[in-house]
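K.L.:
Relying on the hints, combine the two individually framed chains into one complex.
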Amino acid sequence: MSPSAEAPTATAGRPAAASGDVLLEVRHLVKHFTVGGGFFGGPAGLVRAVDDVSFAIKRGETLGLVGESGCGKTTTGRCILQLERPTSGQVIFEGRDLSGLDLTELRPVRRRMQVIFQDPYSSLNPRMTVGQILAEPIAVHGIIPSARGRRERVRELLQRVGLLPQHAERYPHQLSGGQRQRVGIARALAVEPKLIICDEPVSALDVSIQAQIINLLEDLQAELGLTYLFIAHDLAVVRHISDRVAVMYLGKIVEVADRVELYERPLHPYTQALLAAVPIPDPEVEASRARHVLGGEVPSPLNPPSGCVFHPRCPIAVEKCRGEIPPLREITPGHWAACLLA
Amino acid sequence: MAILLDVRNLQTHFSTRGGVVRAVDGVSWDVQEGETVALVGESGCGKSVTALSIMRLVAPPAGRIIGGQVLFKGRDLLALSEEEMRHVRGREIGMVFQEPMTSLNPVLTIGRQLTEGLEIHLGMSSAEARKRAEELLGLVGIPDGARRLRQYPHQFSGGMRQRMMVAMALACNPSLVLADEPTTALDVTIQAQILELMKDLSRRLGVAMLIITHNLGVVARYADRVNVMYAGRIIERGTARDIYHSPRHPYTLGLLRSVPRLDEPRRARLAPIEGQPPDLTRLPAGCAFAPRCAFRVERCAHEVPPLGPIGEPGHVSACWEAARLEREYEPVR
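So the sequences go chain by chain: A and B. If you use the numbering used here, the first sequence corresponds to residues 1 to 342, in order. If you use the numbering used here, the second sequence corresponds to residues 1 to 333, in order.
Next comes chain B alone, as it looks inside the complex (with noise of 0.2 Å):
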């Protein structure tokens, strides 16, 4: 398969009154043809940022991108003009967010904001947008597509604004669906609706998706390979299989330690991550998840250490000590 989107070392900065936050610090990673790529971490870790930097959407002058590469199908978007980024953004990668009700126009029916994207992307007449907006209600499981066009939307539910904003990420036929937390506004039956019409129309259109989340739980079942984040830097990559059976990094271990599982027998205890996240202005020199890791060692302290490679073939880790985490812990089940 081919490399669809490959972003490398991409460097997103804010200036902020305590000073240059390194939201995004030097990632790289990349997204195969009709791929489902999940990027993990925390509140503050940069995952956000780094799919707003993708799309070309840091809000100057605060935010700014100040190095790396962002190589959609070979093309880096961070060269392209505002005009030809405009093109990008809904055409050829599609966006689905957290809040619908703030990604929608309020004042707008559904029906325009879905024919919108269609008449200029596409070049599309009235007509032919109506048609086609029509069949994507009914592609995303919205019954009565022609009443429901002319609604707005407040009348639809959280979970059908939801399916509206897949309808409009697809409604290009885009390569890429990047999806920023898409379902965790929304309650847990209605997630397992939408996680599922994504994964299936995923797959039937042969669109690769990035899902960006802070919750492993959800992207266990439907990932190909998980990045996890850590203070604007990837700390571990591998398979959803390795990442969750052979976690190689203590922070990514850690995760998936602290949160009770059902399938699992009630543990007397939780194992939390001791400490507080980091506070990215006064990053330490060394390994940022250092002040609270079990298994630091002196050198974490001053050297950061580079994700390298550890067990099977794609599996990254950022950490001194992976080589220890893999002898002296069992998989995580």
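One chain only, chain A, in its complex shape (with noise of 0.2 Å):
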């Protein structure tokens, strides 16, 4: 790592949270998956999906992750969640590690971090009634004793995203994309979570439906302090939505930064390759645009390139991309990247 680089609220080659309060740090976190070597007769594989990431988030703040299918954004979520159990590295949430808690430990850690599905149907069960749904989480974690009282806070919640209180008695397939996804923000609600691990919560919504979303999850979290990892591919829907963004690509992150820096002045050719490929919706704006189409695709993760695992794609390669792995470097104040040339 670069220690000339670093910044005042910056541990060693760790971006962190521009200033304040920090919610969850994320260290060097490592998950890897064993894939193959089974029935097929093949050597086993080691799946590489988030190799040595690190970031931090602080208070009410919304950290966007962006990146492509499989570049590791999700399983990123799922470890800090502990849904996974990282292979190394730190998840430090409200100050505590909680890598090494066993499950008794977790669960009321569970209750400040809750997650949102980017498919709401198969996250809800068919079965239960929204009420029923949203009543379960409350009286698990003993938050209101009485049924009663419950359903006094089902109300409130269902009222909080936007729905009326007879959908208490709807099931899930009653209900339309968008009602569902309202539900599924109600239930990480309903046991008064600290940090939201957003995933892909508006990529399965029609494009009527998705500001809707986006819109409540901003008034939600100006009303409730609440803190968002906000995972998308979506690279317009997490520049409106972030304080900060994180690219990754192929299990690491190339590039955090302010929102405004990150969209005006990326610095990693990957990030610029992204930017460049998002299309906009005005036809005269696309034929001024020059069009680089960034050639090639997304190596495996089980046998990823040597050096910058970018390098292969990279329009502005050179020799020594193939050797060395680039370090993520402060670049100007704030603004991380992790290339040679940057």
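Just so you know, these hints were derived from the structure itself, not from any lab. As the structure is a computational prediction, the values presented were derived from the model and not from experiment. Heads up, the beta-carbon is just placed ideally off N, CA and C, and yes, glycines get one too. Any given hint could turn out to be false.
To be verified - Here are the simulated distance ranges between beta carbons:
hint	chain 1	residue 1	chain 2	residue 2	range
1	A	M128	B	L108	40 to 48 Å
2	B	Y152	A	P304	23 to 31 Å
3	A	A290	B	E84	42 to 50 Å
4	A	Y171	B	E99	22 to 30 Å
5	A	E169	B	A62	41 to 49 Å
6	B	H87	A	Q159	53 to 61 Å
7	A	S300	B	L80	41 to 49 Å
8	B	A59	A	M128	28 to 36 Å
9	B	G275	A	L103	22 to 30 Å
10	A	S146	B	E99	31 to 39 Å
11	A	Y171	B	H245	42 to 50 Å
12	A	G36	B	R150	16 to 24 Å
13	B	E298	A	R107	54 to 62 Å
14	A	V318	B	L78	57 to 65 Å
As the list claims (entries may be wrong) - Calculated from the model, a selection of chain B residues having no Cβ within reach of chain A, i.e. all distances over 10 Å:
hint	residue
15	I3
16	P61
17	Q69
18	L104
19	V107
20	E116
21	P153
22	L201
P.N.:
Okay, structure coming up:
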């Protein structure tokens, strides 16, 4: 790592939150999966899904985590929630390292850390009414002991996410996609969390509904002081909702910066390529945009390229990019990039 | 330019337990030779059913084409025998679907899947078909064709599989390629590759394209004309410029306004379209968009607005208040 590029708020070689009170810090997180080596006889392989990822989120902040499928963004989220136990590294939430905790110790932590999934349909029990779905976590965590109190709380939650009291009697299949995602959000809020991991919360929704849900998430953040890790592949949505943005490629963070900085001055060639590939809904803007289509495809995380993992697709790669792994360096204050040429 | 495909008053209904769904409710549009036309709308608007209806792939008994004409090079496809229709599919109209893995046969090699159509439709010998298949892979940017033809779909990445689908669609030199959400399942950098490829091939080979998508951004660069669908009907049509710069239907305007754009300063708040998508078994008597519309007037509740001309020639909108949209709203940009 490069000590010379350290900002006062950053720990050695790790981009920390801009300032203020850190709620979550991920340090050198690694998650490997073994695959194969079984029935079909191939040698076992190691998928480096998350490969030395570090970042921090301060209270009330939204950190966007973007990247293409298979880049490790969802696995990172699952490791933070301890739904996957990290291979190594630390997940420090409210000052406490979660990686060593057992299930009983994790339970109170999970109340403070919730998740919203991409597809609310597959994450809601089809045999339970919306009311039951929302009351369950309140009962399980012993937040409100009386059934009557819970019903009252369910009403309040429904109202908070823009649903009506009568929605409590409905089953998930009786709701539209947008309404189901509102239920998913209400369920996360039921246990009064501090941090919500939003894993592609709008990508399964129709365009006209996406903006409703994004506005709702922003309102809830302002009202309840929530902190979000917003995982998504849509760069325009991420810019809209995030305070800072981290870009992942093949298990690594290749760039982190403040929202404005990242979109106006992207330093990593991968971030630049991603931004150039986003279609703009305007034929004239599109016609005047030079199209630098990134060649090739994301390599297999089973056998990542040597040196900089992006070098085989990188338009500016030079010889040293093949051999040297670029550290995530702070190039300008608060703007980190893992590129030897940045 | 001559009209290649002329869809007239097409109606496709589905019987469900909840009642009859008028998935495609009297739509008319056309594609000229060599032109790229987009059919844009959200889930359930009828865009995919329109495509399936053109290919006569709507599954009976639940789904039925109950009216209209699909004139392809002047012949009504809805009047053809099943045998004649088989000749149209793949031979005269190529198809590309959203999820290539489900449209490719996992137990046949790439080569077999490419050569089958060539042998059946064009009567090629297996050696000829093999040679042409190799050329086709080259055409869609898959190098090392001879080796690739011996592989199976699972050995291809998502982007490669979609290239392969494009190769299959173009195999028999069709005059129209129908692409249903061709890039939706792909990552953004791969999306750009596939769209550039399709547009380039369409230009070079003079093939017309019908691109069906929910993403207005995707087609801005590629479509000559755009049809916007809502609840089984076309509610606006125009050149790409008309649609993106001077939308004259509140739904189109709403779609354009609700998405954040990277080329514009970040807005403090997004402007969503309020309400929920319509239940197709219980459509309102008047305009289907009226319950969500900021421009609605009394009349919208009981009278369905017809598609009528507004602005530039060829620009049509199905809105009673289209003229007010023109007066009250500046172009989106």
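K.L.:
Could you tell me which of the hints above the structure violates, numbers in ascending order?
P.N.:
Violated hints (numbers, rising): 5, 9 and 10; every other hint is consistent with the structure.
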